[in-house]
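Use the sequences and the hints to build the structure in full.
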Amino acid sequence: MTDHRTVGDILRGQGISRRGFMKFCAATASMMAMPPGMVPAIAQALDNARRPSVIWLSFQECTGCTESLTRSHTPTVEGLLFESISLDYHHTLQAASGHAAEQAREQAMHENQGKYLMVVDGSIPLGNPGYSTIAGISNIDMLTETAAGAAAIIAVGTCAAFGGIPHANPNPTGAVGVSEIIKDKPIINVSGCPPIPVVITGVLAHYLTFGTIPELDKLGRPKAFFGESIHDRCYRRPFYDKGLFAETFDDEGARQGWCLYKLGCKGPTTYNACATTKWNAGVSFPIQSGHGCIGCSEPDFWDGGGLYRPLSATTADIGTTALLAAGAGAVAGAVAGRLNKGAKSQAQAQHEKLTVEDIEES
Amino acid sequence: MSVSVERGIQTWIEQMDAPTASFFTTCVHCGMCADACLFYTETNDPKYTPIHKLKPMRRVWQQEFTFWGRLAKRLGLSKPVTAAELEEWEPLVYDSCTLCGRCSMECPVGNDITYMIRKMREGMVAAGYAPEGLKGATSRAIRIGSPMGVKVPALMAQIKAAEAETGLTIPVDQEGVEYLMLLSSAEIMQFSEIIGAVAQIFNEADVSWTISTEAFEATNSGIQIGSSDLAGELVQRIVDAAEKLQVRYVISPECGHAYTALRWEGPNLVGRSYPFKVIHILELLEELRVEGRLRTEGMEEERVTFHDPCQIVRRGGIVEPQRNLLNMVAKDFVETEEHGTMNWCCGGGGGVSANERAEPLRRKAFNRKKHQIENLDIAKLVTACSNCRNMLEEGLENNHLESIEVVGLTEMLAEHLVIDKKEQVAATAQE
Amino acid sequence: MTETDFLNWVRGTGMQIALTVFLVGMIYRLLENYLIGRKKSLAEPKGDEWRHGLNTVWRRSLLHSNLTTRGYFTLVAGYIFHLAFLITLFFFAQHIEMFKSLLGFGWPALPPLVITVTAVLGIVALIAVLFHRITDPVKRMLSDFQDYLTWFLTFFPLITGFLLITQSSLPYKGLLAVHILSFELLLIAIPFTKLSHMVTLVIARWYNGAIAGYKGVQS
Chain A
1 MTDHRTVGDI LRGQGISRRG FMKFCAATAS MMAMPPGMVP AIAQALDNAR
51 RPSVIWLSFQ ECTGCTESLT RSHTPTVEGL LFESISLDYH HTLQAASGHA
101 AEQAREQAMH ENQGKYLMVV DGSIPLGNPG YSTIAGISNI DMLTETAAGA
151 AAIIAVGTCA AFGGIPHANP NPTGAVGVSE IIKDKPIINV SGCPPIPVVI
201 TGVLAHYLTF GTIPELDKLG RPKAFFGESI HDRCYRRPFY DKGLFAETFD
251 DEGARQGWCL YKLGCKGPTT YNACATTKWN AGVSFPIQSG HGCIGCSEPD
301 FWDGGGLYRP LSATTADIGT TALLAAGAGA VAGAVAGRLN KGAKSQAQAQ
351 HEKLTVEDIE ES
Chain B
1 MSVSVERGIQ TWIEQMDAPT ASFFTTCVHC GMCADACLFY TETNDPKYTP
51 IHKLKPMRRV WQQEFTFWGR LAKRLGLSKP VTAAELEEWE PLVYDSCTLC
101 GRCSMECPVG NDITYMIRKM REGMVAAGYA PEGLKGATSR AIRIGSPMGV
151 KVPALMAQIK AAEAETGLTI PVDQEGVEYL MLLSSAEIMQ FSEIIGAVAQ
201 IFNEADVSWT ISTEAFEATN SGIQIGSSDL AGELVQRIVD AAEKLQVRYV
251 ISPECGHAYT ALRWEGPNLV GRSYPFKVIH ILELLEELRV EGRLRTEGME
301 EERVTFHDPC QIVRRGGIVE PQRNLLNMVA KDFVETEEHG TMNWCCGGGG
351 GVSANERAEP LRRKAFNRKK HQIENLDIAK LVTACSNCRN MLEEGLENNH
401 LESIEVVGLT EMLAEHLVID KKEQVAATAQ E
Chain C
1 MTETDFLNWV RGTGMQIALT VFLVGMIYRL LENYLIGRKK SLAEPKGDEW
51 RHGLNTVWRR SLLHSNLTTR GYFTLVAGYI FHLAFLITLF FFAQHIEMFK
101 SLLGFGWPAL PPLVITVTAV LGIVALIAVL FHRITDPVKR MLSDFQDYLT
151 WFLTFFPLIT GFLLITQSSL PYKGLLAVHI LSFELLLIAI PFTKLSHMVT
201 LVIARWYNGA IAGYKGVQS
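Chains A, B and C, in that order, are what the protein sequence lines are. No gaps in the numbering here: position 28 of the first sequence is 28 in our numbering, and each next residue is one more. No gaps in the numbering here: position 363 of the second sequence is 363 in our numbering, and each next residue is one more. No gaps in the numbering here: position 141 of the third sequence is 141 in our numbering, and each next residue is one more.
The set of hints was computed from the structure by calculation and includes no laboratory data. Where hints are given, some of them may not hold.
[Unchecked claim] Straight-line C-alpha distance at most 20 Å; calculated PhoX-like pairs for lysine-lysine:
id, chain 1, residue 1, chain 2, residue 2
1, C, 39, A, 353
2, C, 39, A, 341
3, A, 278, A, 223
4, B, 73, A, 344
5, A, 185, A, 223
6, B, 380, B, 370
7, B, 277, C, 100
8, C, 40, A, 341
9, B, 47, B, 364
10, C, 39, A, 344
11, C, 46, B, 277
12, A, 344, C, 40
13, A, 341, B, 370
14, B, 79, B, 55
15, A, 115, A, 183
Dropping the structure here:
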């Protein structure tokens with residue numbers, strides 16, 4: 001089922017003017033922190049890009065990432081771009097089902113061996129494979145099988161990137177992210193719970209344009225979107241620097257739009273584009289709405305002691321710990337103290353008076 | 001049982017207590033105690049840093065009383081205290097420390113280093129490490145009854161001389177009087193005017209008192225050398241005599257460590273509280289002054305200052321009486337900048353003056369006193385301890401400041417005493 | 001272990017371990033010393049032990065008598081460091097949140113600018129006291145391994161904290177985890193080193209005051 005139309009053909013077919021297309025390329029370039037000189041190259045590459053085959057695998061996920069991606073109140077070039085790919089397999093969006101769907105996947109894999117793009121959302125259970133299967137195939141089998149012929153893998157969402165919510169303590173299914181299993185393919189982690197739509201499409205645009213993986217950080221996330229913390233781009237940062245914090249969700253500070261650190265904001269340790277790119281086509285983001293960042297693009301953010309616990313606060317159960325420790329110290333100390341007293345008493349009991357002869361002879 | 005390093009260490013174990021353990025735990029190695037010690041300030045030699053003088057004892061504390069120390073000892077990882085170490089530390093503990101107590105006042109975390117040096121000496125002497133001069137003094141004190149070897153005939157001779165000069169009879173071995181007067185050998189031999197002075201003052205004030213031939217020596221070499229056993233023996237003599245004479249008070253004379261020995265350590269050394277009270281001569285004179293029973297006339301015209309004997313003032317608790325008394329007879333009494341409980345030591349207390357080996361160091365340490373007084377333009381340096389008097393006189397002479405006269409306070413008061421009573425008031429027995 | 005794992009660990013298990021070691025160690029040490037006991041004096045007292053003891057606890061902090069230059073340096077640099085350390089520890093809003101999670105209550109914070117300036121003073125003073133410890137003959141003679149170890153353990157929270165609030169270009173998450181860890185290491189070291197003086201100095205000063213106060217002297 002190969003389509004020989006290029007991406008440019010498809011976009012033109014959708015009524016996108018050359019002007020609109022160039023605007024999109026410029027926006028993409030700036031979003032990816034590329035110099036303006038790259039814009040014509042992006043334009044040309046996209047224009048002539050073949051519709052890549054994309055196989056989208058969904059494992060232990062909530063479908064939120066797909067929802068985020070497909071949310072568009074007004075059609076955008078990003079959205080259209082998304083549709084320009086040949087989405088040969090996707091549980092939620094595809095028309096086919098059952099054996100037909102699996103057949104479509106296998107055919108796409110076979111026809112585009114080594115060239116198709118694999119997108120994964122949801123974590124993969126390493127525990128009992130029965131925890132999550134598709135058409136009787138375990139997630140891990142489907143993943144490894146499909147990854148074998150993929151050109152690259154995009155792990156969409158924190159679940160696919162780092163294990164996400166299934167991975168949270170106590171991780172009953174043994175859930176892990178894609179990069180824990182696949183070690184021999186380029187993987188781009190687009191984390192977030194869910195990720196910002198334009199982040200996905202930006203990464204896709206990069207791949208379509210250059211056929212390469214964008215620059216990644218230590219966690220495999222594109223630096224263009226995950227290179228800065230929310231804290232460093234937060235519009236409420238001046239309040240943090242001035243020491244003005246909201247203490248509750250409806251106090252004066254909250255109404256004044258002060259920093260939400262004390263209400264558990266994980267902005268300082270979270271890397272994402274929320275503070276600049278924002279959500280819903282730039283309408284707002286959690287902090288702007290008055291709720292602290294929950295750190296959803298970071299690994300193990302569910303196990304960080306709670307969404308409302310400030311970063312500087314301990315997550316340990318102090319009361320019990322302190323009581324037990326004090327008790328243990330008291331018991332051990334009492335024993336030691338008694339031993340000390342005993343040693344002294346014994347020495348005193350064995351004391352022999354010093355005599356004048358002693359000092360005369362010494 | 002003879003002396004040995006092991007005996008010394010065992011003694012330190014006996015001496016350990018909660019305060020000492022707390023002090024060792026709390027020392028932060030700031031070295032501020034060095035600034036408080038005249039042996040450091042006048043030599044700039046770091047080894048005289050007070051807390052450093054305790055190093056071997058600290059190690060024994062660690063090895064015997066702390067978790068990690070005991071563990072290290074059990075694993076054979078700790079360094080035992082050796083004879084060589086004790087030998088090295090002997091001069092630090094005895095030559096460069098007078099137990100003056102200034103370091104204890106200065107330590108920012110509150111360590112009472114003097115308290116600990118006192119304990120360290122217990123172990124040192126039990127191990128056989130103490131200065132020769134001090135050993136000799138202690139031996140004489142125990143065997144003869146005086147560290148200087150003063151015996152009753154010498155005492156009686158001085159008493160006779162005082163009687164001749166004052167025209168008063170000085171009570172000796174009188175039972176039933178209120179006060180038993182003690183003396184120091186230095187007073188008997190060098191500053192015997194004190195006997196007549198006291199006789200006159202007590203006569204005018206109707207104080208019933210006596211001297212005892214069985215216990216005339218107030219000084220306590222046992223305290224200085226650091227042996228509670230020997231110190232206790234010496235205190236016991238005074239207690240026995242006081243009980244025999246049934247006095248209500250025992251007067252501690254113008255001697256520094258005698259007050260410490262008798263008033264503060266004494267009951268603990270003999271194992272029971274006294275049936276009498278210990279009063280320092282200065283305290284008694286102050287009482288008499290307040291009651292109007294000590295009347296003086298005339299004033300010293302020249303400028304004077306007061307040297308506070310460490311064991312009486314900082315370590316003894318007698319701070320104001322001497323000032324009130326001196327103001328009775330001195331028009332121009334100026335204080336040294338650091339006075340009272342923060343005054344500086346004469347350099348000869350705590351056994352240092354009995355220690356020949358310590359003389360060069362002591363000479364250097366006197367510079368501190370010199371600095372204190374040299375710009376005050378004083379004619380007289382008044383004090384209330386005969387050992388301090390000796391040290392001050394010697395120090396002033398060595399520094400060509402002989403023009404400054406060193407005087408005992410009681411003597412000075414006696415010189416200005418209003419003598420009304422033509423006859424002696426007979427010593428009256430207690431009701 | 002990822003940076004996030006590390007951060008989560010120091011905020012959770014790490015803090016538990018540090019607090020446990022601190023409490024067990026400190027209480028043990030206090031009892032180990034206290035139960036050795038103190039002989040009650042049979043001499044008649046001249047003053048009230050308790051009153052004088054308590055007085056000395058706070059009075060010993062006041063300026064001391066005439067000191068030499070090295071003494072004044074120790075005193076002044078020492079005070080600046082201690083005050084700066086305590087102010088940054090207890091009055092930085094983010095730290096107060098930490099104390100809230102440990103104690104259940106907090107208190108008002110000082111403005112961040114004050115904290116930043118104080119932190120700088122603390123760092124400078126701490127470097128100054130190290131310099132003094134190395135160059136002053138008395139301190140050098142008294143110093144051993146644990147003096148230098150405790151200096152480093154005290155310096156790391158200060159410097160990492162300072163970098164966190166002023167140097168945004170450094171990786172925040174990892175640095176925050178290191179900062180919290182450095183505080184935990186300091187907590188662990190307290191019972192086993194001279195750092196225990198922060199608790200025991202009250203006791204030492206009390207004994208000092210009590211011993212002198214018994215004789216009627218305020219020390």
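Quick rundown of the hints versus the structure:
1. C/39 - A/353: holds (19 Å)
2. C/39 - A/341: With Cα atoms ~12 Å apart, residue 39 of chain C and residue 341 of chain A stay inside 20 Å; holds.
3. A/278 - A/223: The given pair, whose Cα atoms are some 17 Å apart, holds under the 20 Å limit.
4. B/73 - A/344: The given pair, whose Cα atoms are some 17 Å apart, holds under the 20 Å limit.
5. A/185 - A/223: Holds, at about 19 Å.
6. B/380 - B/370: holds (13 Å)
7. B/277 - C/100: violated (56 Å)
8. C/40 - A/341: Holds, at roughly 15 Å.
9. B/47 - B/364: holds (15 Å)
10. C/39 - A/344: holds (12 Å)
11. C/46 - B/277: holds (12 Å)
12. A/344 - C/40: holds (16 Å)
13. A/341 - B/370: This hinted pair is violated, its Cα atoms lying about 46 Å apart.
14. B/79 - B/55: holds (12 Å)
15. A/115 - A/183: Given that 20 Å is the threshold and the Cα spacing comes to 18 Å, the pair holds.
Checked against the numbered hints listed earlier, the structure breaks hints 7 and 13; every other hint is satisfied.
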